[in-house]
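**Student:** For reference, the chains in residue letters:
4 protein chains.
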Amino acid sequence: MSKYQNIREEAYKANMLLPKLGLVLFTFGNASAADQEDQVFAIKPSGVPYEELSPGNMVIVDFEGKTVEGDLRPSSDTQTHAVLYKHWSEIGGIVHTHSTYGTAWAQSLKPIPIYGTTHADHTTAAIPCAPPMSDDKIAGNYEYETGFQIMDHLKACGLSYMEVEMILVGNHAPFTWGKDAAKAVYNSAVVEEIAKMALLTQQLKPQVQPMKDALIKKHFDRKHGVDSYYGQ
Amino acid sequence: MSKYQNIREEAYKANMLLPKLGLVLFTFGNASAADQEDQVFAIKPSGVPYEELSPGNMVIVDFEGKTVEGDLRPSSDTQTHAVLYKHWSEIGGIVHTHSTYGTAWAQSLKPIPIYGTTHADHTTAAIPCAPPMSDDKIAGNYEYETGFQIMDHLKACGLSYMEVEMILVGNHAPFTWGKDAAKAVYNSAVVEEIAKMALLTQQLKPQVQPMKDALIKKHFDRKHGVDSYYGQ
Amino acid sequence: MSKYQNIREEAYKANMLLPKLGLVLFTFGNASAADQEDQVFAIKPSGVPYEELSPGNMVIVDFEGKTVEGDLRPSSDTQTHAVLYKHWSEIGGIVHTHSTYGTAWAQSLKPIPIYGTTHADHTTAAIPCAPPMSDDKIAGNYEYETGFQIMDHLKACGLSYMEVEMILVGNHAPFTWGKDAAKAVYNSAVVEEIAKMALLTQQLKPQVQPMKDALIKKHFDRKHGVDSYYGQ
Amino acid sequence: MSKYQNIREEAYKANMLLPKLGLVLFTFGNASAADQEDQVFAIKPSGVPYEELSPGNMVIVDFEGKTVEGDLRPSSDTQTHAVLYKHWSEIGGIVHTHSTYGTAWAQSLKPIPIYGTTHADHTTAAIPCAPPMSDDKIAGNYEYETGFQIMDHLKACGLSYMEVEMILVGNHAPFTWGKDAAKAVYNSAVVEEIAKMALLTQQLKPQVQPMKDALIKKHFDRKHGVDSYYGQ
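Chains as they are written, first to last, in full-length UniProt numbering: chain A, 1 to 232; chain B, 1 to 232; chain C, 1 to 232; chain D, 1 to 232.
No lab work stands behind these hints: they were computed from the structure. Careful: at least some of the hints might be erroneous.
Copies of the same chain look alike in the list, so a pair counts if it works inside one copy or between any two.
List of simulated lysine-lysine pairs, DSSO-like, C-alpha gap at most 27 Å [what the hints assert, rightly or not]: (1) K13 / K137; (2) K183 / K3; (3) K183 / K20; (4) K137 / K212; (5) K137 / K218; (6) K223 / K137; (7) K205 / K110; (8) K218 / K110; (9) K137 / K155; (10) K217 / K66; (11) K13 / K223; (12) K155 / K205; (13) K110 / K212; (14) K86 / K183; (15) K137 / K217; (16) K66 / K212; (17) K183 / K218; (18) K66 / K218; (19) K183 / K217; (20) K86 / K13.
Next comes chain A alone, as it looks inside the complex:
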């Protein structure tokens, strides 16, 4: 039995949730689960239909993006996952989807403003949208550069990856992360729901303003603050 059985199971379960939650069509998405101590992660094999996945065919990759264990080619987005795991030592899971509304926002190159408590329950900021990369980066090591594009844009927004666990990559689609793969999947469903609500809100009121700071702070704190009182 693989010494990576735990992250294999975790990555497998996370991947299987994506179609169940309506977040992926065919193979348009991938989830990974990392072991930060061993500096490896388990990720979906590229282009394999969800119904053929198993813990055993997850691919084990190190933080440089090299396959450590597994016969299949890992997800084409593997380098992006590797870069993020390497630089963000507190995360244990990453998810990438092309979910419909999140992708539409990414295609519009716009961040998603905070219009309500559903959003504020998860982050105190607009969900950032990283701009498309320069042509030479695109032509170069594209997926590797995507990782840096995500990190650089978060920094440019003055945000840490602990405060906001989701981002849109311009002209592309959402990436989310979290302490483990299940949390990253949760965040990918949250970003899709927030994206849909925000689009509908703008349709109802084109000049809508973000909600006020007091309410943003309250809702985030009741879930995540020192005196949080949400959950058990």
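Assemble the complex: chain A is given as a structure, and chains B, C and D must be docked to it using the hints.
**Tutor:** Here is chains B, C and D on its own, set in the frame of chain A:
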């Protein structure tokens, strides 16, 4: 066996209907069932996934918001439920969801106008949208104040809680109520459907006007008037 | 066994298809099946949830709207069905729903223009939208008058009930009919799909024009003309 | 056993996927699978509900559109399939649906611009929209002419059927194709998803521009280029 078994069962069933009706993602919602005589209600425990709910893990809370029976922490919105039950002696159930279209209207800070009989079958008025609270109330006993915000806004609209069993809380989401928890759930599905239809109607005709009073009155009366002839 | 067993079965099956096709929430709709020779029809009992329906609890009503057989009160829309069956001797089924997109069009008081072959496969005209009735008709025998409102508006549009088997009633919702209840259900799903497509088409192109006559004629004829070649 | 058993099975499976993927209502669509060597294809019988389909009732038709084997009348769109198979020797499957968003774009007579990588993963160009035919072609051999309309418009756009495997027919709906029927079904789901995302993107940003060439090229190449690294 708990003396509150009846409201435990009622609250449990009501909560389980919320994901089934597509009204909640993850744990973004809660239902409660009250015993007005004993001045207690059963409510969903906070942050517990729907698939782990049972009548036994509903939390019994009194109308001051204090837990009477149960090991788990009650929903973070418990104080709002408590305030409403305490002041509205005729209701036996309350539901709060972040359903997509209802929440979009709440985020736009707009009441939902009556554009058709689907709406008028349930209320003769626009579905009100309470404005966000003042910053000090938000920073204070937020969920408790939310209860008063709902009651005050209904009054300001000249409506009683018997006439309209649903409201939007600005920048937040819908709350609904009724004679029992099942009716409150029913109302939460109704507000979502009305919200979607009204948004689509405005898209088809930006300058649409509410429908005329004769039709509003007729449809409400045939379901709820003295000579109602809907149902058995 | 009831001599009306056939239309009981037919009406029951038709009603059960409505929630399955996503056309009704709760009890917001009804289907009936008529026996034109005996001048009676079987219709859903009022306000009874779909899961409690059976052929046996369909209500048998004559073309004057009087109950002939059955203990339950018939649908509140029974008089509308009765009027249409009485005057349109070639139809054997009627369906009324509050399906989301069809209702949004009805709420906008606009007919649905023909933008494509999906629509033309079913009718050569825009789907008419009858205007709301006068206040005194609404206050009078409302459902009975709704039947005449439908017939009068079809005539005013220069259409026969054989050419177009679907209509919107302004501020209300769609009614459809056909040679039997199954065809009326089919038409209710078609009007919802056409309504959604037409709304999206207008969003993509606000100044869109109806498609040209040659194409309208071709598609209708290949399904319904003398030399039709669709189906078996 | 029919010598065409293989394409019967392939066409049957492809047709059954259409309702499962939410791409057809009732019988509004058809899939076929061709044997380019024998110059025949298996196609859905016209107007037969999906639940009554079987490999055995697929109709075998030659590339002139004549039935070779089968008792049922083939799909009313058979001539379009025949023309495309005859002229495009590299394809083995064709699908036609009236999927909601794809049809809305077709009804707007607009090609679908490339706004993101979801689109670029499948084609480097906007998804073309062939204009409606002239009135005399419509009145003539309509479905046969539709095949030429598709081929001619592709050419007019400077595209080969190998580069782009999907097209909209103006005022009608999407057609897709591929090396086999399964690929054509896949493409029909892709065009629907891209169509929805593009519509939402325009709603978020009415003046949105197509994404830049470097990114279009990169995403297409990583899936389809000489050095493609997507899939196994």
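**Student:** So, against the hints stated earlier in the document, which numbers end up violated here?
**Tutor:** Violated hints: 1 and 16; rest satisfied.
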